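Trainee: Taken in sequence, the protein lines are chains A and B.
According to this note's numbering, the first sequence is numbered sequentially starting from 134.
According to this note's numbering, the second sequence is numbered sequentially starting from -14.
Check the hints yourself; a few may be wrong.
[Said to hold, decoys possible] Short, incomplete list of chain B residues facing chain A, as computed with Cβ under 8 angstroms:
1) Cys22
2) Gly26
3) Ser41
Keep in mind that the hints were calculated from the coordinates and are not lab data.
For clarity, every value in this text was computed on a predicted model and none was experimentally measured.
The beta-carbon is built from N, C-alpha and C at its ideal position, and this holds for glycine as well.
Residue-level listing of the chains:
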Amino acid sequence: MKKVAIIGAGPAGIEAASILARNGVEVTLFEKSETPLKNLQDKAFLFPNFQSAQEIIDDLSGKLLTDRITTAFGVDIADVKWQGAEWKLVDSKEQTYVADAVLIATGYQVFDAHRKEELGYGIYKGVITSLDMEQMIKHGKILNANGDEPKRVTFLQCVGSRDEKSGNHYCSKICCVTAVKQAIEVRKQLPKCEASVFYMDLRMWGQGFEEMYRTAQEKYGVSFVRGRISEAAGTFDGRVQLKSEDTLMGLPLKMNTDLLVLMVGMEASCGTKVLGKACDISGDYGFIKSVNPHLYDNETGKPGLFAAGTCKRPMSVSDSINDARSAALAIKDYLDTIKIEN
Amino acid sequence: MIDFGFALKQTRQENLDKVSLEKYHKLLELEPSFKRCFQCGNCSATCSARQFTDFSIRRVHTSFRRGEYDGLAQELRKCMLCGKCTLVCPRGVNLRSLIINMRQILDETEK
């Protein structure tokens, strides 16, 4: 039987594993963490239909329950090499594994908000990231720095994205709609709390996103301010004072808020950067570079080595899963063309 | 003459067919990083002069881009060249140099 190694047990890795297994391929699914779907576990609901992340986790986890998939969790693959007839994978403990094809699905990590010191993350308690907010929403406990119900929550877009100072010129794609989703969720859980979003452009690219934006305005009274917050400072009573330009009014703007939520962007994960370098398939910003984004988006230019999901670029969960399906098909095609000696 | 209470007013419309962008193009030559500006307003948000006067560097450079140069030389004198705008610009525009170049271009043509 032909063997495929998949590195990374996120939505992309699991979806590809499941499809390949159903098509008669033996899959080993490697994951650095002890549990799969780590990033997804941080989420409460997914846009645009507010489906619970747990439902997606349960569905995807169920797909792993097949004899054809061997899971190797807690195994950190550090190197992938072509050895003439097969791919050799080496983990951090120098143990080796072999496979006929390899799928890299090592994913992303969020931008470290500490790097934007002027926004005060890690300095003022009232400054949190979108991940912290997601946890608060998940547990139904949206609280300010003093542990009270906030009266005002403010979201700031493009933290670590579209920002030359962080070295990331690209747009992280999912933060715009995530802020709208979280603002709606804040208004649902705390109807007395104000929610505003500071943006430079609102990019509502997916189906149902623009409608969500409209709903946020119409039904939930979320306010949108076109401007980028330049500085945040703590106030004596544990709130956050922020400074921005209201570009539409053409006036400087000052505002106090209980919580400032930094919408942190997506960067290539450590694993993505390491493997991209080791296999010489690293592209811009450490993401894996595909051969052709239109025609061969899962191919890396090395026969038998494929990539799927957010290791290539920022993507939503649904896009990652779709990308994994196309990768599974590309891998299946590849396996059908090669001859397996034994 | 009977005064009907009507008056002829100059239009306030920006007429992009009529403006001369010569100075703007000159500015881009001298400070090409300005091409990258995407109007986020971070420069004016952080501006020290902006907090106490009506000076808006975003409005000044946007006017320059539109070929509306009237009064800009006067406006630009309010800038103290502290350079905070340059530090915060997410597109890496060298605003301090941009301001000096705008001043120079406007001064040259005034002479």
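Trainee: Compare the structure with each hint and give your call.
Mentor: Hints, one by one, checked against the model:
1. Cys22: violated, 12 angstroms
2. Gly26: With Cβ-Cβ at 3 angstroms, under 8 angstroms, it holds.
3. Ser41: holds, 6 angstroms
Checked against the numbered hints given earlier, the structure breaks only hint 1 and satisfies all the rest.
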